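Protein chains: 2
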Amino acid sequence: MSFDSSPVPALNLVPFVSVDDMMQTVLDIGVEEMLAGIAAYIEEDFARWEKFDKTPRLAAHSSVGVIELMPTSDGEEYAFKYVNGHPKNTKEGLQTVTAFGVLADVDSGYPVLISEMTILTALRTAAMSAVAARHLAPAAADTMAIIGNGAQSEFQALAFQGLLGINKLRLYDVDPVATEKCAANLAGRGFEIVRCASGQEAVEGAQIITTVTADKQYATILTDNMVGAGVHINAIGGDCPGKTELHKDILLRSDIFVEYPPQTRIEGEIQQLDADHPVIELWQVIVGQREGRSSARQVTLFDSVGFAIEDFSALRYLRDQLERTGRYENLDMIADPDEPRDLFGMILRAGAQR
Amino acid sequence: MSFDSSPVPALNLVPFVSVDDMMQTVLDIGVEEMLAGIAAYIEEDFARWEKFDKTPRLAAHSSVGVIELMPTSDGEEYAFKYVNGHPKNTKEGLQTVTAFGVLADVDSGYPVLISEMTILTALRTAAMSAVAARHLAPAAADTMAIIGNGAQSEFQALAFQGLLGINKLRLYDVDPVATEKCAANLAGRGFEIVRCASGQEAVEGAQIITTVTADKQYATILTDNMVGAGVHINAIGGDCPGKTELHKDILLRSDIFVEYPPQTRIEGEIQQLDADHPVIELWQVIVGQREGRSSARQVTLFDSVGFAIEDFSALRYLRDQLERTGRYENLDMIADPDEPRDLFGMILRAGAQR
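For the record, the sequence lines run as chains B and U.
Under my numbering, the first residue of the first sequence is numbered 507, with each subsequent residue one higher.
Under my numbering, the first residue of the second sequence is numbered 507, with each subsequent residue one higher.
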């Protein structure tokens with residue numbers, strides 16, 4: 507499908523990538539190439555961080571969950587993501603998190619892409635983790651512990667394999683069924699996988715520890731004694747107020763790297779720390795203003811909560827694949843009367859054609 | 507089309523109302539009934555004003571325009587509108603304003619409707635004006651001046667005819683072509699229409715003056731001498747910072763009614779006044795806390811800028827018509843794996859089915 511083949515004038519139309527289109531896109535391109543591509547777009551956008559309009563997400567909280575809008579713009583393109591978080595949904599057969607997003611042209615204000623973003627967010631979150639780890643993890647790392655083997659775990663594994671060469675996984679989840687699911691999904695992809703009976707066992711020998719659990723509460727997935735010198739911690743699961751995964755003592759002896767401090771201080775692991783506790787913004791490492799890993803014994807922590815620029819990058823990447831994949835449909839979403847002042851006449855003419 | 511007839515599980519699906527669906531909806535229901543229906547929903551929502559989460563729109567400004575997100579929620583449903591404003595678009599064959607919106611269920615966080623909102627916003631803006639005028643205009647009004655005969659003018663005329671019995675229109679636009687367009691579109695609908703050569707001529711004998719021009723600058727569509735005692739002014743066109751239509755002296759002798767003061771003080775006619783100039787919130791009039799029109803000689807001014815709750819009301823109304831009209835398609839927008847933790851497995855299974 508292309509813009510030109512449609513009988514409707516193209517100005518009306520906004521390409522829409524459905525859930526099925528997104529799955530087919532992942533299968534067409536290959537998940538590894540897609541993770542690498544999104545990582546490259548994220549790194550490119552983080553390298554021009556100061557060009558972006560940045561704002562903490564706009565959240566509407568209720569007693570059972572939250573609905574958020576995450577907008578950002580680099581002055582040329584604009585993106586926002588709609589995302590909810592409803593932990594109780596799972597019990598009702600619904601998703602905890604669903605998301606969709608829009609990319610728009612700043613010059614005209616017209617939307618240029620609307621996409622499902624549940625799968626795309628999973629991809630960009632893993633790509634973001636790998637981008638951070640390239641700057642922060644020990645260079646010789648080959649083993650990653652993944653604590654929490656839910657929906658994000660396979661994406662993390664594949665991103666770290668593709669971008670850092672991690673081929674040994676140590677998996678742990680409170681529910682062994684999740685670990686089996688993760689291991690089965692990753693079978694045949696060149697990993698050496700060890701199923702572990704505890705978090706303690708999982709971290710043994712791992713140079714990278716990824717925590718990606720789903721409890722919406724203060725939890726202690728990692729205690730201080732579990733974290734040895736030289737480790738990189740990739741903390742994904744603590745991503746909203748009241749939800750953390752790491753014991754505070756770990757934070758106190760780590761160099762902490764974050765996406766956007768005003769948001770991370772509210773949502774990340776560092777909500778446990780004083781508001782002025784020093785953190786390093788990842789973009790500063792990417793542009794070379796600050797050092798990433800500087801010694802072999804340093805504990806580095808990427809306190810990831812997910813920021814709007816990552817969604818912007820992922821939507822940009824997806825838009826740039828549309829022509830190649832053809833995996834979209836055009837939505838007739840923009841009213842386009844022949845004469846801009848004659849919106850009512852457009853309706854009258856539609857009536858005359860019936 | 508119904509939710510149940512689709513082969514895809516309904517949880518995936520979000521009804522989408524395209525531009526064509528919206529035009530057909532207006533034609534099926536009838537523009538007068540639709541305006542009356544949206545007005546009823548707006549009045550109902552304004553009557554429970556205090557239940558809503560309210561925030562000024564979230565705007566991303568550029569040198570050529572603005573992209574805004576307008577969210578609100580009553581605790582049970584959540585809505586937002588995406589809307590741009592690019593005055594230079596017209597010269598490039600594009601719309602100055604395009605919009606779409608989403609209604610979502612607060613309990614699950616799931617979107618339940620996505621819709622074009624260029625046409626729907628035109629309808630809700632006119633419905634809002636008529637709701638305000640029912641409380642503010644002289645009871646015996648039968649004549650309305652419309653200064654500015656662009657895309658909004660016919661909707662205003664039809665809303666005031668349907669909800670207030672206004673059958674005499676006095677039209678003026680700097681471009682006589684716009685006036686001809688408006689008069690032609692309204693032919694055969696029971697109006698007595700006078701085409702006027704100036705704003706001054708248009709307001710003669712009118713009990714209601716609607717100003718709805720499009721210049722993005724401080725303008726003086728109405729000067730003080732043009733506004734007689736007892737008139738209701740429905741000021742629609744001044745709706746962003748730097749854009750006003752009325753001379754300040756008119757404001758100083760009017761009782762001013764607004765939607766949401768924090769937004770109107772930035773965007774409305776009252777940006778010309780001190781920040782503490784007294785205004786009356788329209789919802790207070792609707793619930794009976796404040797008086798609307800209280801004397802025959804009073805000049806009332808509805809300083810309308812458009813607020814998120816009106817879009818919420820319009821989307822609610824539209825959602826409630828879907829079953830009746832069938833004018834929508836279902837979008838596969840929500841990822842819905844059989845097992846919520848198995849997003850990656852869902853992709854693998856899609857691959858196995860190819």
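Be a bit skeptical, because a hint or two may be false.
Selected chain U positions facing chain B (Cβ under 7 angstroms, derived; list incomplete) [as the list claims (entries may be wrong)]: (1) G571; (2) Y584; (3) V618; (4) V680; (5) E686; (6) A689; (7) A693; (8) F697; (9) I840.
Just so you know, these hints were derived from the structure itself, not from any lab.
Note that this is a predicted model, so its numbers are computed, not measured.
No residue lacks a Cβ here, since even glycine has one placed at the ideal position from N, Cα and C.
So, going through the hints one by one against the coordinates:
no.: 1; hint: G571; result: 5 angstroms, holds
no.: 2; hint: Y584; result: 5 angstroms, holds
no.: 3; hint: V618; result: 12 angstroms, violated
no.: 4; hint: V680; result: 12 angstroms, violated
no.: 5; hint: E686; result: 11 angstroms, violated
no.: 6; hint: A689; result: 12 angstroms, violated
no.: 7; hint: A693; result: 10 angstroms, violated
no.: 8; hint: F697; result: 13 angstroms, violated
no.: 9; hint: I840; result: 5 angstroms, holds
Taken one by one, the earlier hints fail for this structure at numbers 3, 4, 5, 6, 7, 8, listed in ascending order.
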